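Undergrad: One letter stands for each residue in the lines below.
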Amino acid sequence: MRKNSRMNGAAKSFSTAIAGLAVVGLVTGCATADTADTPTGASDGDTTKSESFDWKAYEGQEINLLLNQHPLADTLAANVGDFEALTGITVNIESLAESDYMVKLTTELQSGGGSYDMFMTASPMNYQYAAPGWMEDLQPWVDDPTQTAADWDFEDFYPALISASRWDTTDFGGAGQGGLWSIPANEEGYALFYRQDILDAYGIEVPNTHDELIAAAAKLDGVTFEGKEISGFVARGDKTYPTLNPFSTFGGAYGVQDIVDGKAAVNSPEGVKAVEKWVELMQYAPAAASTYTWYEAMQDFIAGNAAFYIDADHMAPGFEADDSPIQGKVGYALPPEGPEGRSSGLWVWSFGMNEASQHKGATWQLIQWATSKDILTNAIGLGNMNPTRMSVAQSDEMVAATSTWGNYNAVWQEILAEHAAWPHSPSGTWTEVGDIWATAIQSAVLGQQTAKEALDEAAVKIDAAIK
Amino acid sequence: MKHSRILPYLLSLPGLAILVAILYPFLTGAWWSFTSYRLNRGDPEFNWGENYLNLFSSGEGGHALLITLTYAISTVVIETILGVGIAMLLNKGKYGNFFRILIVLPLLLPPVIATLMWKVMLTQNGLVNFLLESGGLPTSLWFNGPQTALLSVILVDVWIFTPFVILLAQAGLRSVPIELREASSIDGAGPIRNFISVTLPLLRPVLVVIILFRGIDSLKMFDIIYTSTKGGPIDATTNLHVMAYLDGIRSLNFGMAMASLMILWLLTYFVANRLLKIRRQESLS
Chain W
8 MRKNSRMNGA
18 AKSFSTAIAG
28 LAVVGLVTGC
38 ATADTADTPT
48 GASDGDTTKS
58 ESFDWKAYEG
68 QEINLLLNQH
78 PLADTLAANV
88 GDFEALTGIT
98 VNIESLAESD
108 YMVKLTTELQ
118 SGGGSYDMFM
128 TASPMNYQYA
138 APGWMEDLQP
148 WVDDPTQTAA
158 DWDFEDFYPA
168 LISASRWDTT
178 DFGGAGQGGL
188 WSIPANEEGY
198 ALFYRQDILD
208 AYGIEVPNTH
218 DELIAAAAKL
228 DGVTFEGKEI
238 SGFVARGDKT
248 YPTLNPFSTF
258 GGAYGVQDIV
268 DGKAAVNSPE
278 GVKAVEKWVE
288 LMQYAPAAAS
298 TYTWYEAMQD
308 FIAGNAAFYI
318 DADHMAPGFE
328 ADDSPIQGKV
338 GYALPPEGPE
348 GRSSGLWVWS
358 FGMNEASQHK
368 GATWQLIQWA
378 TSKDILTNAI
388 GLGNMNPTRM
398 SVAQSDEMVA
408 ATSTWGNYNA
418 VWQEILAEHA
428 AWPHSPSGTW
438 TEVGDIWATA
448 IQSAVLGQQT
458 AKEALDEAAV
468 KIDAAIK
Chain V
74 MKHSRILPYL
84 LSLPGLAILV
94 AILYPFLTGA
104 WWSFTSYRLN
114 RGDPEFNWGE
124 NYLNLFSSGE
134 GGHALLITLT
144 YAISTVVIET
154 ILGVGIAMLL
164 NKGKYGNFFR
174 ILIVLPLLLP
184 PVIATLMWKV
194 MLTQNGLVNF
204 LLESGGLPTS
214 LWFNGPQTAL
224 LSVILVDVWI
234 FTPFVILLAQ
244 AGLRSVPIEL
254 REASSIDGAG
264 PIRNFISVTL
274 PLLRPVLVVI
284 ILFRGIDSLK
294 MFDIIYTSTK
304 GGPIDATTNL
314 HVMAYLDGIR
324 SLNFGMAMAS
334 LMILWLLTYF
344 VANRLLKIRR
354 QESLS
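For the protein sequence lines, the chains are W and V, in the order given.
Plus 7 on top of the position in the first sequence (first one is 1) and you've got the working numbering.
Plus 73 on top of the position in the second sequence (first one is 1) and you've got the working numbering.
For the record, the hints were derived by calculation from the structure and aren't laboratory data.
Fair warning: this is a prediction, and the values are worked out from it, not measured in the lab.
Do not rely on the hints blindly, as some may be mistaken.
Partial list, computed: chain V residues near chain W (C-beta under 10 Å) [what the hints assert, rightly or not]: (1) ASN113; (2) ASN164; (3) LYS165; (4) GLY166; (5) TYR168; (6) GLY169; (7) PHE216.
C-beta atoms are modelled at their ideal positions from N, C-alpha and C, and glycine is treated no differently.
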């Protein structure tokens, strides 16, 4: 009996341990979310604030950056020594792959610990982080002449990009208004890439509309070009919200909205039509493309396997690199036209500040330095495109860097000026909404459901998520 | 010798600390599973079990449960049969020791690395499809196909963890007295009868341990699935653990994530409890 009861105890301890382990993985990363009340602007750094702007005002301080592995991060890392020499501030940089980066940043910000002072961010991340008060509103810093260099020139940024960085934290509204949560440092719109050499060989004109693109992709799908079997089209198709970026060239062109009057609208007639057209086009992509991320789709195009590709226009440096098999063979076109005209999503990699940072003054100095004309101009040579400042976009350096890339320089600027916008309703739950929508599109592309079935199911899930 | 009054309390402190360290996160998770807690939307508010209702009324919870069980049962059954079979061959053969060193190699790789390796080999234009095509066989979409993704992750699990079963089964087989097998052979039992009537009953305690370890591990599987498919395509490989991760870390919906994890805990607890009872009965008998 005694032995039995001891074993019972062991079994119970074991089971309890299993229970603890089952939840501890998620729990350990999450302290309480009580970071929202930290007073804006107050930090140790401010105690040394001077009467006029001085790059040495925060000399001796040390700040930590969490960055996504990206040409923007590479540019910063390559030049940060100059900033340290200029200011006397020590900068520590940690770069992670995108998915790891998002997870680590979220857990760090919600902990309110202030371990990282500055980070890379974009509109959907601002929506997740700004409402609970994890991000510093940068507008007061921009407006303060004692904190901002006179020649920094805030007005030089493209207004559309500044607008994409503002939000008044109202769910499903207030985009372009209220707080300025980040300063833009890298812009991407969505363009149609095509292989000029393949089109020439088969006598095909550059498509101008969705239907023309589908017809051209159908004609080229499966042809053998220079010993390689070509797919008509390629794009990312994985079940996460970034897939909506290239899809925005169809969604926007059909006038699709994600949320209307607080209810999901992805299954509207225009929403269904846009997905049906996208599915039609994706039939000419490799079968595995329905699970491709941007990286895999880009590699597929660079390897010379596809005739057409829709994705971020700033992938051009990869296509035109010296070791690229498609160097000099790529054409750049506006996103194809649909019933409501042309449309492009907009992704703006920007720099944001942790609200819990203890070195806000020093961090703001780094943000303004990293988004200054000099650094963004220098970044062109390091592949950080597209510039977020008008003066840099129109600079001789940009013209020189893209001189052998066909009409790239004109196309990206026209996309930004005429067609690109963040096309979704801002809210703290947007990433979940985007994931549900992208999963529905994937399901339709894979033929598991019709576009209507998949989007009707998605609408129910979105309504539950935004409740 | 006079004992200090405080001493018993002091001595119980480490045990109490461990208890708190285990129970606090567990109970916090259990509480959150009954709340509408989103990481970026204020404090947890009790919602009367709505998360559990949503999980099953939407069909997502049922689907994830089905994937969890399919994955766990398939991997345990395949790995146990393969592992015991290979262990018997190794114990018989002349080069058993050499092959044992070779066969244990997958187990030495971190599962994420092993999965990434297979992910590269199982792409549309990868090595495996190339070999299949060369042999005139049909190719597959593997991780990228809704019909083949679950089978692919199960195969990767089998590749990594069958060596673990082999090692335990080999140890178990060596504890089966050779005299018993010889006696049964003299009595006229063939190899199959010998295995079913002599080897298998004596191997039972080891089999329980194998099923216990692999069963719990497979029910909670995350790294192989997330690394290879992130739960997709669509939700073809979304088990309870991956669903909890997507809800909690990607969507910041900790209420829903914890509800999935509590269901996973209940399932794991039930399986572990049953197997431990069987093991206890084995020990007593």
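Undergrad: All hints are to be evaluated individually against the structure, with a verdict given for each.
TA: Hint check results:
no. : hint   : result
1   : ASN113 : 4 Å, holds
2   : ASN164 : 30 Å, violated
3   : LYS165 : 35 Å, violated
4   : GLY166 : 36 Å, violated
5   : TYR168 : 38 Å, violated
6   : GLY169 : 33 Å, violated
7   : PHE216 : 7 Å, holds
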